[in-house]
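Colleague: Letter by letter, the chains look like this.
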Amino acid sequence: MLELREVDTAYGPVPMLRGLSIKVQPGELVCLLGPNGAGKTTTFMTVCGVVRALRGKVDVMGRDMASLGTENLAALGVGLVPEGRRLFPSLTVQENLRLGYDAVSGRGPDFQPQLDKMCDLFPRIRERLRQAAGTLSGGEQAMVALARALIGEPKLVIMDEPSLGLSPKLIDEYFEITSEVHRRGTTILLIEQNAEMGLGIADRGYVLVKGRVAQEGPARELLSSKAAKSLYL
Amino acid sequence: MAELFVQQLVNWVTLGCIYALLAIGFSLIFGVLNVIHFSHGDVAMTSPFIALAAAQALAIAIGVSGPVWLTVATCIAVFAVGLIGVILDKVVIRRFRDAPAMMALVATVALGIVIRELIRHLYPQGSNPHAFPRLASGVALEIAGVQVGWFTLLVVSLTLVLVVLLFAFLRLTPLGLRIRAASEDRIVARMMGIRDTRVFRATFFVASAIGAIAGLLFASYAGVTRFDFGVMAGLLGFSAAVIGGLGSMPGAILGGLIIAGIEVLAQTFVPDGASYRLVFVFLLVIGVLLFRPEGLLGRPVMVKV
Ligand SMILES: Nc1ncnc2c1ncn2[C@@H]1O[C@H](COP(=O)(O)OP(=O)(O)OP(=O)(O)O)[C@@H](O)[C@H]1O
Ligand SMILES: [Mg+2]
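So the protein sequences, as listed, match chains A and B. Counting from 1, one number per residue, gives the positions in the first sequence under UniProt numbering. Counting from 1, one number per residue, gives the positions in the second sequence under UniProt numbering.
Derived from the structure by calculation, the hints contain no laboratory data. These figures come from a predicted structure and were not determined experimentally. Wrong hints could be hidden among the right ones.
[Unchecked claim] Not everything, but these chain A residues come out facing chain B in the computed CB check (under 7 Å): (1) Glu28; (2) Ala66; (3) Ser67; (4) Leu68; (5) Ala74; (6) Ala75; (7) Arg86; (8) Leu99; (9) Phe111; (10) Leu115; (11) Asp116.
[Stated by the list, open to error] A short list of chain A residues far from chain B (calculated; beta carbon distances all over 12 Å): (12) Val14; (13) Pro35; (14) Gly37; (15) Gly49; (16) Glu71; (17) Asn72; (18) Leu87; (19) Glu95; (20) Arg98; (21) Gln131; (22) Ala145; (23) Ile158; (24) Asp172; (25) Ile177; (26) Arg184; (27) Lys210.
Think of the CB as a built atom: it goes at the ideal place given N, C-alpha and C, for glycine as much as any other residue.
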């Protein structure tokens, strides 16, 4: 569903990703870990086509990102949660969700039932639908960001540190929901710093250090491997 | 005294509406592209010329003239200017949306010069002023002994209708929602499947067509049009948008009314105020930029990283 092969990227003259190879198979939940500045968000942006690969190949849903614009991803069934949530702050929560729904469903007819579903999943959202998204609390924004990515029922969801800044209780809830979405058949690439939580629900994991994959393997193995821990904890 | 007051009130409202319509275009384009389109005034002021040309073409081709056909000609002009805006965006302005502000400034100022010179050379006797008819004439009503013309009512009602339509378009239509989203975060908008080409096209069409209407009213108010009216229209519209807060629609309207207010006050109370009016207008612009750089109703200026 998603594959990076030997990808290099750079910001101006500064190289960032170096020969990065990552693969996410249909139905998998893959966790991408790494310390600050490792290049996780750069990887996210490269997958989305916001940052272009200088070398190598980026395939998403069987399409080559070299010739595919960011704006075409959603229609292929890709839901995105960018770093820092990035809701449209002056749009209402409902408008944010509407855009997320239209993007993936191609303006399908089922917005209302899907909206209800999301409100059941994230009860906090329901009474905030008419509120400007920028006025929500950080935790609520995180919920809306995830709901915005999920509401159109994407096949693949890519999230960049969605749990950052949430209270422990909310983090549990967040991972519970992510895991549930995965169990229902959605493929997920989860970018995380919280190794225990991330690997706890993932099938496989990658540890990114300085733009390279330092370690990869089944989540359980990574979780118990000392090497992985020492790399970033 | 009451008569003078009412008379100036009428002038104020008329001018304020025209400036507001001009300012809306600046604000809309800035909000979406983050580019100040300095040639917007020039684009807007092509509309009276296009309307005159269209009226003549209609007269020659099918031998019709009169108020109805003048209206048809102005509609043609509004539509044509909307298209001109779309083309200019595609060919020039869009390319500067991520460039340093200085480059966009130079490019759009240059574009304005190109537009003015093209009018001057392509329009028959383009260097001369051309009479432009009142789009509505006659007295509609009398307040305190002051005659209020149909033209004033036309300007006010047209402005109200346009503002309401624009508001409804931005708030209630899917395209309007996408325009607002793209103006807040273009990258995430693309992640949400929003094509910025479409957003830009719609924005420029709407902004330029509203500018065209302002241009027609401007020329109609003055009774003439000239190839270089775009400079003044641009400066006044831009200043109104800045005072109100670039990117804010209510701000643009407020800015238009304030600028027109100052102009009218200067003309009424300052000896020889007519020639000084712009001094006051631009002193105010400087003052606002100094003490409230984000404008009266604008969001605080943020440094884009
Ligand atoms: N637009 C940019 N221009 C220049 N350098 C950048 C840009 N974005 C990121 N970088 C640099 O690239 C490196 C990797 O950044 P990235 O955001 O991918 O890290 P990350 O793994 O997501 O870190 P974090 O966990 O803190 O989010 C950093 O050193 C950063 O300074
Ligand atoms: Mg990051």
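Colleague: Under 7 Å is the threshold here; is the Cβ of A:Ala66 close enough to any Cβ of chain B for the hint to stand?
Modeller: Result: violated, 16 Å to nearest chain B Cβ.
Colleague: Please confirm whether A:Glu71 is truly not at the interface, meaning its C-beta sits more than 12 Å away from all C-beta atoms of chain B.
Modeller: Not fine: 4 Å to the nearest Cβ puts A:Glu71 too close to chain B.
Colleague: Taking the closest Cβ pair, is A:Leu115 under 7 Å from chain B?
Modeller: With a minimum Cβ separation of about 15 Å from chain B (threshold 7 Å), the hint on A:Leu115 is violated.
Colleague: Beyond 12 Å from every Cβ of chain B: is that where the Cβ of A:Gly49 lies?
Modeller: Violated: least Cβ distance 8 Å, not greater than 12 Å.
Colleague: Given A:Asp116 as an interface hint, is the shortest Cβ-Cβ distance to chain B below 7 Å?
Modeller: 20 Å, violated
Colleague: Is the nearest CB of chain B more than 12 Å from the CB of A:Ile158?
Modeller: 10 Å, violated
Colleague: Run the C-beta distances from A:Gln131 to all of chain B and say if the shortest one exceeds 12 Å.
Modeller: 16 Å, holds
Colleague: Next item in the hint list is A:Phe111. Is there a CB on chain B closer than 7 Å to its CB?
Modeller: Interface hint status for A:Phe111: violated (11 Å vs cutoff 7 Å).
Colleague: A:Ile177: least C-beta distance to chain B exceeds 12 Å?
Modeller: 20 Å, holds
Colleague: With d taken as the least Cβ-Cβ distance between A:Arg184 and chain B, does d exceed 12 Å?
Modeller: The claim holds: A:Arg184 sits with its nearest Cβ about 22 Å from chain B, beyond 12 Å.
Colleague: Does the no-contact call for A:Arg98 survive, Cβ to all of chain B over 12 Å?
Modeller: Violated, since 7 Å does not exceed 12 Å.
Colleague: Verify the interface restraint on A:Arg86: the C-beta must sit less than 7 Å from at least one C-beta of chain B.
Modeller: Since chain B brings a Cβ to about 5 Å from A:Arg86, closer than 7 Å, the hint holds.
In terms of the numbered hints stated before, the structure departs from hints 1, 2, 3, 4, 9, 10, 11, 15, 16, 17, 18, 19, 20, 22 and 23, listed from lowest to highest.
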